[in-house]
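Novice: One-letter residues, chain by chain:
Protein chains: 2
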Amino acid sequence: MQYYVDGFRGGDPDIKNATAKRRDRSEFAPLPEKVDVMIAGCGPAGLCLAAQLSQFPEISTMIVDPTPGPIEKGKADGINTRTMEMFQAFGFADKIKRESYWVNQTNFWMPDPEKPANIKRIGRVQDVADDSSEMPHILINQARIHELFLEVMKNSSTRLEPDYSWSIVDLEVDTTTDEYPVTVTLENNGINAGERKTVRANYVVGCDGARSNVRKAIGGELHGDAAHQAWGVMDILANTDFPDVRQKCLITSAHEGNVLILPREGGYLFRMYVELDKLNPDERVANRNFTIDDLIAGANRIMQPYSIDVKEVAWWSIYEIGHRMTDRFDDVPPGEANSRTPRVFTAGDACHTHSPKAGQGMNVSMQDTFNLGWKLVHVLQGRAAPGLLHSYSAERWAEAKRLVDTDHEWARIMSAPAGESVLDNGDEPRFMRQFKANLEFTGGLAVKYGESALVGLATHQALAKGEEIGRRFHSAPVVRLADARQMQLGHVAEADTRWRIYAFAGKNDSSAPGSAIHKLADWLHTDSNSPVVQFTGRDEDIDGLIDLRAVFQQTFDQLAYEDMPALLCPTKGKLGLQDHEKVFCVDHKGLGDIFDMRGINREQGCMIVVRPDQYIAQVLPLDDYQTLADFFAGIYKPTAR
Amino acid sequence: MQYYVDGFRGGDPDIKNATAKRRDRSEFAPLPEKVDVMIAGCGPAGLCLAAQLSQFPEISTMIVDPTPGPIEKGKADGINTRTMEMFQAFGFADKIKRESYWVNQTNFWMPDPEKPANIKRIGRVQDVADDSSEMPHILINQARIHELFLEVMKNSSTRLEPDYSWSIVDLEVDTTTDEYPVTVTLENNGINAGERKTVRANYVVGCDGARSNVRKAIGGELHGDAAHQAWGVMDILANTDFPDVRQKCLITSAHEGNVLILPREGGYLFRMYVELDKLNPDERVANRNFTIDDLIAGANRIMQPYSIDVKEVAWWSIYEIGHRMTDRFDDVPPGEANSRTPRVFTAGDACHTHSPKAGQGMNVSMQDTFNLGWKLVHVLQGRAAPGLLHSYSAERWAEAKRLVDTDHEWARIMSAPAGESVLDNGDEPRFMRQFKANLEFTGGLAVKYGESALVGLATHQALAKGEEIGRRFHSAPVVRLADARQMQLGHVAEADTRWRIYAFAGKNDSSAPGSAIHKLADWLHTDSNSPVVQFTGRDEDIDGLIDLRAVFQQTFDQLAYEDMPALLCPTKGKLGLQDHEKVFCVDHKGLGDIFDMRGINREQGCMIVVRPDQYIAQVLPLDDYQTLADFFAGIYKPTAR
Ligand SMILES: Cc1cc2nc3c(=O)[nH]c(=O)nc-3n(C[C@H](O)[C@H](O)[C@H](O)COP(=O)(O)OP(=O)(O)OC[C@H]3O[C@@H](n4cnc5c(N)ncnc54)[C@H](O)[C@@H]3O)c2cc1C
Ligand SMILES: Cc1cc2nc3c(=O)[nH]c(=O)nc-3n(C[C@H](O)[C@H](O)[C@H](O)COP(=O)(O)OP(=O)(O)OC[C@H]3O[C@@H](n4cnc5c(N)ncnc54)[C@H](O)[C@@H]3O)c2cc1C
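Protein chains in written order, with UniProt numbering: chain A, 1 to 641; chain B, 1 to 641.
Isolated chain A, as found in the complex (with noise of 0.2 Å):
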């Protein structure tokens, strides 16, 4: 964690100093008249982009949601290793990771062959499988992600926060205009309810859930199909005989339907999601007016012979399967991509909606504005084209349809009687080897963006084979040259929408002055067809849209701090400084060599140039200079340094 920069300052590094230019949120203060983005909807994805947005003094932003405060509880709960990731970027997943529940192993129980009224354990997964993430797989309450998002954004140099009480009814894209071309109508919902105020954007983001006003707006309708399965869910606090009540399970009884339980944070919480009827096609799942008594008891008799005596609900809702999704993410006609860029898009439940059971909602709506988060910056910021917003759609939409058709697969497992389930070839149940085999799409690690001006032909990938050409770069450990310090290299990346590259020195290459990682740097460094050199901001530190990182394979005791070239010990911020943390050694400490973890290419090393949202652009070889440039200048314009 890098702080001081420009000076030192007393308390709290997460604290930003606060810019002038924020937002009057005084008692009275008006809602502004334009803003850069409007948020709608203070869910997973509209405060995962809040909180990116929220580190620009440059943009501004306004984030509305109906409701008069945050949530308590409820919804999903399941962050997989991807998102917590992305947390680690975002500064929160220590925190996050102390307080939530880890996922370690999965149970499956089964009717008891000698006793099928009974269920009995079958069999044990690892939930992570070793080495497919540095994070772990947790389970925490909804609400508390959003709080930490909300927290990030309250200490952001703009102190963002959101406007509850008012939601957006509708809205008008001026498509003659680049001067804030969309007109938001808004509704209060609070005090003044009724009250209608309208509010001029560059861009509006509909992150307002499955009945989105904003997908509406602009024309778009979820497709799909309902299971006409009502599963309940509970957030309880009970005791219960069954032994794995702190373990993940899927359990399946052989004539009462399936159970799965969520171990949840602070020891004692638990989810359980019940199967309960079947719907009729035409049924609505409110219509059969559940209670929280039917749950348990549909809970209890599924368990048998163990059963659970709860002594507090904390949540409960009643869940009807739906997988279903819009045609695009933004409100460009199909056709007309040539003709206009994006300035209205959906994101999470607002265009793709899909069963709780794989544990996804939550996460792919967080990856969304994740993805969309740094091109929204770099075109308001003026340095990328507004093309670049087109690819939002494009990557996410292939994405969602991913999901969703994995999904529903593994909810039709999930909800299949026992006979159905358990297929023919003896010891492993089909839902068991099913959900082995989905463990790297439920971990949010399968994603991959397919080949685009965002991503790179795979010419060069096996120069790095464990870093696949548009997945996310897979961390490793390594050692800090400057402090000896053990680190995950991955923990370099903030959620600050720069790119990274990681240049891989070949053998015997100590970076010195001739060598393959010294010419790269000063190439970038000062080269008139660098990317560093075009692209850089001129009020920019060096490193401000392109931070290069070098990782060696040498020891830190076998390095000279000396031998770096200037780009990888730069002078930064108002002071000057000299940042000491751009120089990486393989680790010495027996947690690996990340060269071999990584299928790094030895003799020749490589570089591997990471999106800001952590996607694998390019690998390249450490002296494809022009690829590089290349890549870049088809995405960013000339600024003059």
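Some clues are possibly wrong.
No copy labels: a pair is met if it fits in one copy or bridges any two.
Distance condition first, Cα-Cα at most 27 Å in a straight line; then the derived DSS-like pairs of lysine-lysine [stated by the list, open to error]:
id, residue 1, residue 2
1, LYS16, LYS154
2, LYS154, LYS95
3, LYS311, LYS16
4, LYS216, LYS197
5, LYS436, LYS21
6, LYS95, LYS16
7, LYS311, LYS572
8, LYS21, LYS465
9, LYS73, LYS95
10, LYS574, LYS75
11, LYS401, LYS572
12, LYS197, LYS448
13, LYS574, LYS73
Rather than coming from a laboratory, the hints here were simulated on the basis of the structure.
Following the hints, put chain B with the ligands in place on chain A, whose structure we already have.
Specialist: Chain B with the ligands only, in chain A's frame:
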């Protein structure tokens, strides 16, 4: 981290429900007339104690300081591994780990034999030996430590806050009463400067620094010597061509003296201790009028051929080395220990001071009050006889003595001219050897309390060779049975004044009825001689005083939760919820086997009784019920549970 045991509640789990009994802190509320504990001074010693006491709604605490508010910078910055282990118990170790500089290596620089005017790196030493602690040795601004304790206080049920702008001027102890026998005279140092108030207290703890009024009031005097060596200290933001500026360095020049470099939090700041001139015997450092420019110039002379270009001075000070301590840390005169118990204590710099360069001052101050805290709580709760309080001075005086002696020796070596310091045996200079030999000591890990009512005999030490009686319980990796979570066993210990008994199972013991573990748990749970039965409060959870944890030699998938005795899965809290976090297994993922790592006898197993301040009181066979019973009976009074 366990929470929700009394019901679900949204928000930050570190924020406890406020007790109704807490003090009225509204603007014009008067100072209290009586308090259980009056603490003088908001330094590390005072705040550590206040944070501990603030957890107990039944105890009223007041903490005063003449300053108008918390300090912002300066003073000490080293937190050794032992203190980090304590911070873990207070819940903020993760936060500090994230923010701070980690000392991984210490580098030694000496005159270059080929060009003695220049310094040259002659060696590196790994700063925290492998498996000496699971915690790093870190450096961070002392003010930040204060803040984190203040946060613990503010988040506690009592919402304890300091009374700034008040100091203790004097106090008097009435030895004829047990009802608030200490009358404390406070003086206002703020807007009503000079105003005096008296507050009566059951106990007073003087954490009021080297010029302690509390010490004076109980007739304490600092003895020892001043080294008549002036050192300057500066926290600076600076650039340099010195390659090791982000590592801790001890630098000895040929003729210009010595420098100590301590890199600091945030990646840019670092501290330099710079040797200045020797003082004459009767000279005070204040009379020499050293300026920050003298410090910077001195540093530059010593660091030749390197130079330091200072951009900002965050803080600086001139320091005179003195190693001094008082004869006792409480108000009981020699020879009167049998006739009265202590009412007034001193802690930290108030009773022992030392040179800053071994980085001990802040650490040992907090360890003082961590030793005192639980004793005060148990006496005030009425569960322990006041005689327990004698052990504070006894235990901490011996430690302080050892510290002052070691520190003295170290300062002498550090200040010796290069010629004298580099001794005889060739390649390794004397101070580097001494530094290595001191590492366990400077880590705070060498503390060993002697045999007493609180520390048993070493009779059965062979059952756990790596967990020495009298020293701190040394954590190791385990896996929690209920949820298969990898964790540090030592991290079950919170700063909650509870005792822990770690019961290590013998070979093949899987807690079947009749096994040694099962029998121990049952005896503790039900036998009329058991300390759990005898000393647990009526309104308290069964683990309110003594927290039994079991560790098995099997891995988590080889044990059945169903076999555990009731005391290992007790029901707790208002709702009577089952606690699932008492049972542990050996790590199955390559972090090491705790039985091997700590030399636990595999055949027999053993129990390790650990004090609330994390020091080992007893190592006993699993069936040595009598010693266990006698031990606790020597401290606590029976309650009718
Ligand atoms: C009642 C309920 C129960 C759920 N239970 C589970 C579960 O058990 N497991 C699981 O995995 N997932 C569950 N989910 C789904 C999960 O919470 C979502 O997938 C996730 O929250 C999606 O995040 P989001 O930000 O896209 O949308 P949401 O979290 O739905 O947030 C949308 C936000 O937009 C606000 N909003 C609505 N209309 C407007 C408007 N016109 N203008 C401005 N703001 C508006 C809403 O108040 C809300 O705060 C549940 C969702 C709901 C609603
Ligand atoms: C100026 C200065 C510089 C230091 N620099 C270093 C350094 O560079 N390196 C290092 O390792 N250590 C340094 N130390 C020492 C280190 O800070 C102490 O060892 C450590 O703070 C001891 O903690 P403490 O709580 O015992 O006392 P302190 O931190 O000294 O706290 C004592 C507190 O008591 C308050 N107080 C004083 N009188 C009264 C009274 N009558 N009534 C109530 N409150 C009172 C004071 O305002 C202060 O807040 C320095 C100390 C000082 C004072």
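Novice: Decide, hint by hint, whether the structure agrees.
Specialist: Structure-based check of each hint:
1. Taking CA atoms no more than 27 Å apart as the test, LYS16 paired with LYS154 passes in both settings, with 9 Å inside one copy and 22 Å between copies.
2. For a Cα distance limit of 27 Å, the shortest separation of LYS154 from LYS95 qualifies both inside one copy, at 17 Å, and across copies, at 18 Å.
3. Taking identical chains as interchangeable, the C-alpha atoms of LYS311 and LYS16 lie at most 27 Å apart only when they sit on different chains, with a minimum of 21 Å there against 43 Å within one chain.
4. Within a single copy, LYS216 and LYS197 get their C-alpha atoms as close as 19 Å, which meets the 27 Å cut-off; across copies the closest is 68 Å, which misses it.
5. With identical chains, the CA atoms of LYS436 and LYS21 are never at most 27 Å apart, being 51 Å at best within one copy and 53 Å at best between copies.
6. When the C-alpha separation of LYS95 and LYS16 is checked against a cutoff of 27 Å, the pair qualifies both within a copy, at 18 Å, and between copies, at 17 Å.
7. Proximity of LYS311 and LYS572 under a CA criterion of 27 Å is satisfied inter-copy only: 12 Å between copies versus 57 Å inside one chain copy.
8. In the homo-oligomer, the alpha carbons of LYS21 and LYS465 never lie at most 27 Å apart, since the shortest distance is 46 Å inside one protomer and 63 Å across protomers.
9. For a Cα distance limit of 27 Å, the shortest separation of LYS73 from LYS95 qualifies both inside one copy, at 18 Å, and across copies, at 25 Å.
10. In the homo-oligomer, the alpha carbons of LYS574 and LYS75 lie at most 27 Å apart only across protomers (26 Å), although the nearest pairing inside one protomer, at 45 Å, exceeds that limit.
11. Taking identical chains as interchangeable, the C-alpha atoms of LYS401 and LYS572 are never at most 27 Å apart, the minima being 43 Å within one chain and 46 Å between chains.
12. In this assembly of identical chains, LYS197 and LYS448 lie within 27 Å of each other by CA distance neither inside one copy nor across copies; the values are 41 Å within and 70 Å between.
13. Taking the closest pair of Cα atoms, LYS574 and LYS73 come within 27 Å of each other only across two copies (21 Å); inside a single copy the shortest separation is 43 Å, beyond that limit.
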